[in-house]
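Asker: Can you make the complete structure from the sequences, with help from the hints?
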Amino acid sequence: MNRLLQVAGDSPSEYVTHHLQHWQVSIGEGAFWTINIDSMIMAIAIGVLGLGLFWFVGRRATAGVPGKLQAFLELAAEFIDTQVRDVFHGNRKFVAPLALTIFVWILLMNSVKMIPVDLPPAIAKMFGAEYFRAVPTTDLNITLAMSMTVLLLMIAFSIKAKGGFGFTKELFTAPFHADGTLMKIVLAPANFGLNIIELLSKPVSLAMRLFGNMYAGELVFLLIALLGAAGGHFIMDVGGFGGTTGGILAFLGAVLAGAGWSIFHILVITLQAFIFMILTVVYLSMSTEAH
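With our numbering, the residue at position 211 of the sequence shown is 736, and numbering never jumps.
Check the hints yourself; a few may be wrong.
The calculated lysine-lysine pairs, modelled on DSS-like cross-linking and capped at a C-alpha distance of 30 Å, are [claimed, not checked]:
#1 Lys618 / Lys727
#2 Lys727 / Lys694
#3 Lys687 / Lys727
#4 Lys687 / Lys618
Cβ-Cβ distance ranges computed for the label pairs, FRET-style [what the hints assert, rightly or not]:
#5 Phe652 / Gln595: 34 to 44 Å
#6 Ala596 / Asp704: 54 to 64 Å
#7 Leu600 / Leu707: 54 to 64 Å
#8 Phe697 / Leu574: 38 to 48 Å
#9 Leu594 / Ile788: 17 to 27 Å
#10 Pro591 / Leu777: 38 to 48 Å
#11 Met639 / Gly737: 10 to 20 Å
#12 Leu707 / Ala741: 31 to 41 Å
#13 Lys694 / Val729: 22 to 32 Å
#14 Phe619 / Gln595: 23 to 33 Å
#15 Met708 / Ala596: 56 to 66 Å
#16 Leu578 / Ala703: 49 to 59 Å
#17 Ile710 / Ile640: 23 to 33 Å
#18 Ile569 / Gln595: 20 to 30 Å
Simulated from the structure, these hints should not be mistaken for laboratory data. Please read all numbers here as calculations on a predicted model, not as lab measurements. Don't be surprised by glycine CBs; every beta carbon is placed ideally from N, CA and C.
Answerer: See the structure below:
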């Protein structure tokens, strides 16, 4: 078999399965709590990298003609601030930096997908790690953690805007309003159930959308890598199935498919970061409004 497949096993299915395994550490009896170490390392490292990048540019910012990196970051910050201003009509002192942080962090985490799929596991193997997934947003735990933070912010913004009593009252009196006390009591369980479903559905949809798109993209990259590996194997094995012509066609197909998918995925990783960011701002804006 091709050396690429021998990294993980003797078949394409084992190769794909190997690349979809996390480097995990179990805590507690019976593996009560399992942490995906690779996702944590990459998410924290990328976050520090993003902060360091803005700190580096901020320290060297000039009022004159800016450099290319400074100009790019200023355009990105201005673009995000404009989007927040159009959606969130309250005080943007906290929301705008939050939106910029979310967009940059998710964009950088998604961009790791552009690294060749076999490079991060190969580097990790040099340090003794059998498995390593480099893209944090392909881990549902990471996307759910970010979306749960958005949920907490939604509740905090609601309490700040309406007060603790107003927020609790709204949970039991909206969206079905009633005039009489008896009807309010009758409709309270239905209102509460619908509001809880609405609250939980927003972060779940945020997490699943980002995870689903990144996970699907990762699978496509793995399949393209398998196609290239098969092409290389057929080229080396002239007498094998497909011969030299089949091998060359498979290899060229992998190159073209990889280039095309990479170009398309640049749009995907940017769009997914923007969607997560803008929906976060929309949800926070909705939290400050009364039903």
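Asker: Given the hinted pair Lys618 and Lys727, is their alpha-carbon gap at most 30 Å?
Answerer: With Cα atoms ~23 Å apart, Lys618 and Lys727 stay inside 30 Å; holds.
Asker: Given the hint of 49 to 59 Å, is the C-beta distance from Leu578 to Ala703 inside that range or not?
Answerer: 54 Å, holds
Asker: Within a Cα-Cα threshold of 30 Å, do Lys727 and Lys694 meet the stated pairing?
Answerer: 21 Å, holds
Asker: Holds or violated: the 20 to 30 Å window for the beta-carbon distance between Ile569 and Gln595?
Answerer: At roughly 26 Å between Cβ atoms, Gln595 and Ile569 fall inside 20 to 30 Å, so the hint holds.
Asker: Take the C-beta atom of Leu707 and the C-beta atom of Ala741, compute their distance, and say whether it sits inside 31 to 41 Å.
Answerer: 51 Å, violated
Asker: Could you check the hint for me, namely that Lys694 and Val729 are 22 to 32 Å apart, CB to CB?
Answerer: 25 Å, holds
Asker: A range of 17 to 27 Å was offered for this pair. Does it hold for the Cβ distance of Leu594 and Ile788?
Answerer: 23 Å, holds
Asker: Please check whether Phe697 and Leu574 have a Cβ separation lying inside 38 to 48 Å.
Answerer: The hinted range 38 to 48 Å holds for Phe697 and Leu574, with Cβ atoms some 45 Å apart.
Asker: Note whether the CB distance of Pro591 and Leu777 lies within 38 to 48 Å or breaks it.
Answerer: 42 Å, holds
Asker: Quick check: does the Cβ-Cβ distance between Met639 and Gly737 fall within 10 to 20 Å?
Answerer: 19 Å, holds
Asker: Does the hinted range 56 to 66 Å hold for Met708 and Ala596 at CB?
Answerer: 60 Å, holds
Asker: Taking the beta carbons of Phe619 and Gln595, is their distance inside 23 to 33 Å?
Answerer: 24 Å, holds
Hint compliance for this structure: hints 12, 17 are broken, all remaining hints hold.
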